[in-house]
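Fit chain B to the known structure of chain A by using the hints.
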Amino acid sequence: MVRRRQNPALAEPRWVRYTILATVLTFLAFFLVMPLYAVFHEALRQGLGVYWASITEPDAVKAIQLTLLVVAISVPMNVLFGICAAWAITKFQFRGKQVLISLIDLPFAVSPVIAGLIIVLMYGAHGWLGPWLMEHEFRIVFAVPGIVLATAFVTFPFVARELIPHMQEQGTDSEEAALSLGASGWQTFFRVTLPAIKWSLLYGVILCNARAMGEFGAVSVVSGKIRGLTNTMPLHVEILYNEYQLAAAFAVASLLAGLAVVTLVVKSLLEWRAAREQARAEQEGLAQLQERLA
Amino acid sequence: MSAVVLERDPPRTLRRRSIIPGFGLTMGFALTYMSLLVLIPFVAMFAKALELSWADMWALVTDERVVASYRLSFGASLLAAVLNLFFGVLTAWALVRYEFPGKRVIDALVDLPFALPTAVAGIALTGIYATTGWVGQYFEPFGIRISYTAIGVVIALTFIGLPFVVRTVQPVLQDLEAETEEAAATLGATRWQTFRRVLFPSLLPAILTGFAMAFARAVGEYGSVVFIAGNIPFRTEITPLLIIIRLEQYDFAGAAAIGCVMLLFAFVMLLLINMLQLWSGSRGRAH
Chain A
1 MVRRRQNPAL
11 AEPRWVRYTI
21 LATVLTFLAF
31 FLVMPLYAVF
41 HEALRQGLGV
51 YWASITEPDA
61 VKAIQLTLLV
71 VAISVPMNVL
81 FGICAAWAIT
91 KFQFRGKQVL
101 ISLIDLPFAV
111 SPVIAGLIIV
121 LMYGAHGWLG
131 PWLMEHEFRI
141 VFAVPGIVLA
151 TAFVTFPFVA
161 RELIPHMQEQ
171 GTDSEEAALS
181 LGASGWQTFF
191 RVTLPAIKWS
201 LLYGVILCNA
211 RAMGEFGAVS
221 VVSGKIRGLT
231 NTMPLHVEIL
241 YNEYQLAAAF
251 AVASLLAGLA
261 VVTLVVKSLL
271 EWRAAREQAR
281 AEQEGLAQLQ
291 ERLA
Chain B
1 MSAVVLERDP
11 PRTLRRRSII
21 PGFGLTMGFA
31 LTYMSLLVLI
41 PFVAMFAKAL
51 ELSWADMWAL
61 VTDERVVASY
71 RLSFGASLLA
81 AVLNLFFGVL
91 TAWALVRYEF
101 PGKRVIDALV
111 DLPFALPTAV
121 AGIALTGIYA
131 TTGWVGQYFE
141 PFGIRISYTA
151 IGVVIALTFI
161 GLPFVVRTVQ
171 PVLQDLEAET
181 EEAAATLGAT
191 RWQTFRRVLF
201 PSLLPAILTG
211 FAMAFARAVG
221 EYGSVVFIAG
231 NIPFRTEITP
241 LLIIIRLEQY
251 DFAGAAAIGC
261 VMLLFAFVML
271 LLINMLQLWS
281 GSRGRAH
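These protein sequence lines are chains A and B, in that order. According to the numbering used here, the residues represented by the first sequence are 1 to 294, in order. According to the numbering used here, the residues represented by the second sequence are 1 to 287, in order.
To be clear, the hints were calculated from the coordinates, so they are not data collected in a lab. Every clue listed holds true.
Below, computed lysine-lysine pairings styled on DSBU-like, alpha-carbon distance capped at 35 Å:
| hint | chain 1 | residue 1 | chain 2 | residue 2 |
| --- | --- | --- | --- | --- |
| 1 | A | Lys-198 | A | Lys-62 |
| 2 | A | Lys-225 | A | Lys-267 |
| 3 | A | Lys-198 | A | Lys-97 |
| 4 | A | Lys-267 | B | Lys-103 |
| 5 | A | Lys-267 | A | Lys-62 |
| 6 | A | Lys-198 | B | Lys-103 |
Chain A extracted, bound-state conformation:
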């Protein structure tokens, strides 16, 4: 690093370096720092009293409860799916594996509005299963199950995507060793595989959770936005904003922004931890090599 900076052939001239840095920092200040700061600034503009009233008002509380409920159902479902998909994909060889991996990515590529649309076309009153559902008096669209489905749809790649590359790297040696020593399949999973993947799993869960709590497009198509009943936090923000209750809208938004900040902090901590562990492993390998050579 030091050498690179001193050698004029391997580093940009000082003015280029400063221009690049200044451009980058200005760009990020306008596009990242300012929006984040604006949320908290607007939320607290009319004082803490109004802020507190906005987030403890019954409809806001209902929205928070609904969001937590939706997350509590959809995230565990996606964790289970992620683990199953990763296990099948990384521990076995089979045809069509690449197709399956691409299909898992699909929700990342399509618009969240499409996610909402297909749920309406499937389960809505005029959808495929609509008449049957009506007969059995079970509502999905414009009710909580639809919100859960929409949220699960848009967040379902997160866990699988984190686990697949990590488990691929680990291979199957440890599992095969455990099995040949007489462990059952479940024992192998809980004692061998799970401890090895727990940090990637946590990483995936955190990203999945952040997206699930904040999902707007898909949920707004299927929710019907009935206050106190099918209104999640992001939808509540929209309603307040459209009614020009800006302080209240930003107050609820600030809770979501706070969640985003917490997500980024935990994510960074996990990444630093992984980097440190990798460095340690490399060092240990080097030390072993030296020992053997000595």
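Chain B in isolation, oriented as in the chain A frame:
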């Protein structure tokens, strides 16, 4: 005995034999879950769209208002992706090659658009770029309005796509061997020549991948755009919004038809991104 034979002869079976259990269980659950949540609903959408005759379908997806929305959605997304390409490469470069105070915080902050709910980003950006906002007020005297115009749409889409180019280029830049740069310098290349002839070609697949991802994401984006766009018919309506408008009018077939167009685009982008990743993978191995 037969098991051994099977193991030696894998092409006859769908999957190779393994002593690890749970293939049926995990694969079964994963496929069932995916089918119920994703695949069958997609089929439902195509079926709905196919209830229309080709002529009706064509009329729906080339309706004047819909075409205006394609122009805005694709145009603004392309512009935003180009902005992200430029600033994304610079940001990745600064984060990998330079030391500056607060680098770790900034590195973490780059992911903010992934973590911040889109509706929250939408109302925050609208406020900042409104005529009375922190930034908007300085453009107003020149007659430039940002919020509630196409410029605002580009701003929101730039925010949404910001992490993609940075996060695809950053690891590639980190893994580049210093030797190639040193060799170029030794052979008398200037710093700019080294960048253009040596560094840029190896970064190109990653740059294009990030660009394609940012573009694809921007076309589908809804939450952050609807607040800042103003949603004026024929002028600032994005395509996903038109799907919602059709749904509100109970025009399910119309919504499904536009949905199919967007889905087709998503498939093409997914294919393109996969191909770009294969290309960058082969590049990585060639080095």
